[in-house]
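2 protein chains.
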Amino acid sequence: MYERKVIPNLNCGLDLIGEVLYGKWKIRLLWFIDQGHKRPSELQRKIPDASRRVLNMQLNELERHELVTRKIYPVVPPKVEYSLTEFGKTIIPLIAALGQWGDEHQDRLRDAILKQIKTSELDDTNQDSAFYAVGNAPPST
Amino acid sequence: MYERKVIPNLNCGLDLIGEVLYGKWKIRLLWFIDQGHKRPSELQRKIPDASRRVLNMQLNELERHELVTRKIYPVVPPKVEYSLTEFGKTIIPLIAALGQWGDEHQDRLRDAILKQIKTSELDDTNQDSAFYAVGNAPPST
DNA sequence: TCAGATAGGGATAAGTTTTTCCCCTATTGC
DNA sequence: GCAATAGGGGAAAAACTTATCCCTATCTGA
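Note that the protein sequences, when read in sequence, are chains A and B. Note that this note's numbering gives residue 111 to position 111 of the first sequence, counting from 1, and the numbers run on in steps of one. Note that this note's numbering gives residue 64 to position 64 of the second sequence, counting from 1, and the numbers run on in steps of one.
One or more hints might be untrue.
Quick look at which bits of chain B chain A covers, simulated, 3 or more residues with Cβ under 8 Å [what the hints assert, rightly or not]:
(1) 24-31
(2) 57-66
Simulated crosslink set (PhoX-like; lysine-lysine; CA at most 25 Å straight-line) [unchecked claim]:
(3) A:K5 to B:K118
(4) A:K89 to B:K115
(5) B:K5 to A:K118
Non-contacting residues of chain A with respect to chain B, defined by C-beta distances greater than 12 Å in every case (computed) [to be verified]:
(6) G36
(7) R53
(8) S83
Note that these hints are calculated values from the structure, not bench results. The beta carbon of each residue, even a glycine, is placed where N, CA and C say it ideally should be.
Could you put the whole structure together from the sequences, leaning on the hints where they help?
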């Protein structure tokens with residue numbers, strides 16, 4: 001397994017929530033589990049762009065962070081169900097709010113994101129580098 | 001500059017907000033800019049763990065995503081000020097809510113995160129792998 | 001007998017982000 | 001002439017995340 005070489009800061013609330021939500025698919029996992037899609041195979045069908053492997057890894061992390069629990073049924077073929085913990089449930093309204101903000105501004109966001117992806121430094125028409133071109137008032141340091 | 005090889009999904013609001021907030025320091029940048037720390041050097045002092053380079057890169061992205069604007073004063077030494085756009089301001093309440101959630105649960109979160117970092121598979125006392133050990137009831141597929 | 005469903009992990013490769021180091025601008029002060 | 005200041009970017013390395021491939025195991029159904 002990969003071992004971190006840089007220990008994260010855990011000073012403020014933003015650091016902390018950043019740690020537990022960081023990961024390409026975690027928010028979606030929480031969301032779908034909350035919607036009642038509990039079994040790993042269901043989640044994998046819901047999030048087909050993610051590899052099976054990574055979903056497992058991120059589910060493990062969510063479990064270690066106590067946002068979800070994993071229940072193993074001793075049957076065969078195996079059956080496993082994830083559920084949100086009470087703690088995990090408290091984060092759902094935040095995710096909902098994020099999703100809603102994104103939905104409300106989706107046209108604008110999509111535009112800006114696509115524009116940014118495409119024009120990764122193709123254009124030269126802006127003269128950012130005219131710092132010293134005009135005046136010479138002292139900076140208000 | 002690095003060029004993406006995998007184009008991101010932009011289907012739902014969560015995808016979109018994920019794109020614009022993804023980046024180790026972006027949320028903090030937005031937060032501090034909102035608090036009135038506008039100049040790059042101020043921001044760098046506020047976020048000493050980030051390299052200067054990365055803050056610039058992420059500020060650029062925030063600008064391209066229209067969450068902040070950059071005002072250049074043609075003086076010397078250079079003076080630059082970032083401000084939130086009206087659009088950028090609408091995301092602040094969300095960030096505040098995230099930070100608050102993190103603060104409210106900080107002890108629990110810190111515990112869980114540190115535990116997870118330290119016990120990256122050191123312990124062998126759990127028997128996860130007893131899938132087929134017990135019964136044989138059919139799975140409720 | 002062999003594919004498929006179910007759940008998961010190890011090893012390695014590929015992709016992406018962040019850090020580090022060094023360079024540039026132009027002026028002021030020593 | 002040299003350092004400090006303020007803002008910024010290129011190149012390469014390091015750190016980190018995600019994808020790919022292949023393996024475990026048992027039972028069902030074709």
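Hint check results:
Counting residues of the region 24-31 of chain B whose CB lies closer than 8 Å to any CB of chain A gives 3, which reaches the minimum of 3, so the coverage claim holds. Chain A is given as covering the region 57-66 of chain B, and this holds because 4 residues of the stretch bring a CB closer than 8 Å to a CB of that chain, at least three being needed. Restraint check for K5 of chain A and K118 of chain B: the C-alpha separation of about 12 Å stays at or below 25 Å, so the hint holds. The suggested pairing of K89 of chain A with K115 of chain B holds, with an alpha-carbon distance near 21 Å, which does not exceed 25 Å.
Pair hint K5 of chain B plus K118 of chain A holds up; C-alpha atoms about 12 Å apart against a cutoff of 25 Å. With a least CB separation of 14 Å from chain B, G36 of chain A remains clear of the 12 Å interface cut-off, as annotated. Every CB of chain B lies more than 12 Å from the CB of R53 of chain A, the least distance being 16 Å, so the non-interface label holds. Its beta-carbon lying about 16 Å from the closest one in chain B, S83 of chain A satisfies the requirement of being farther than 12 Å from that chain.
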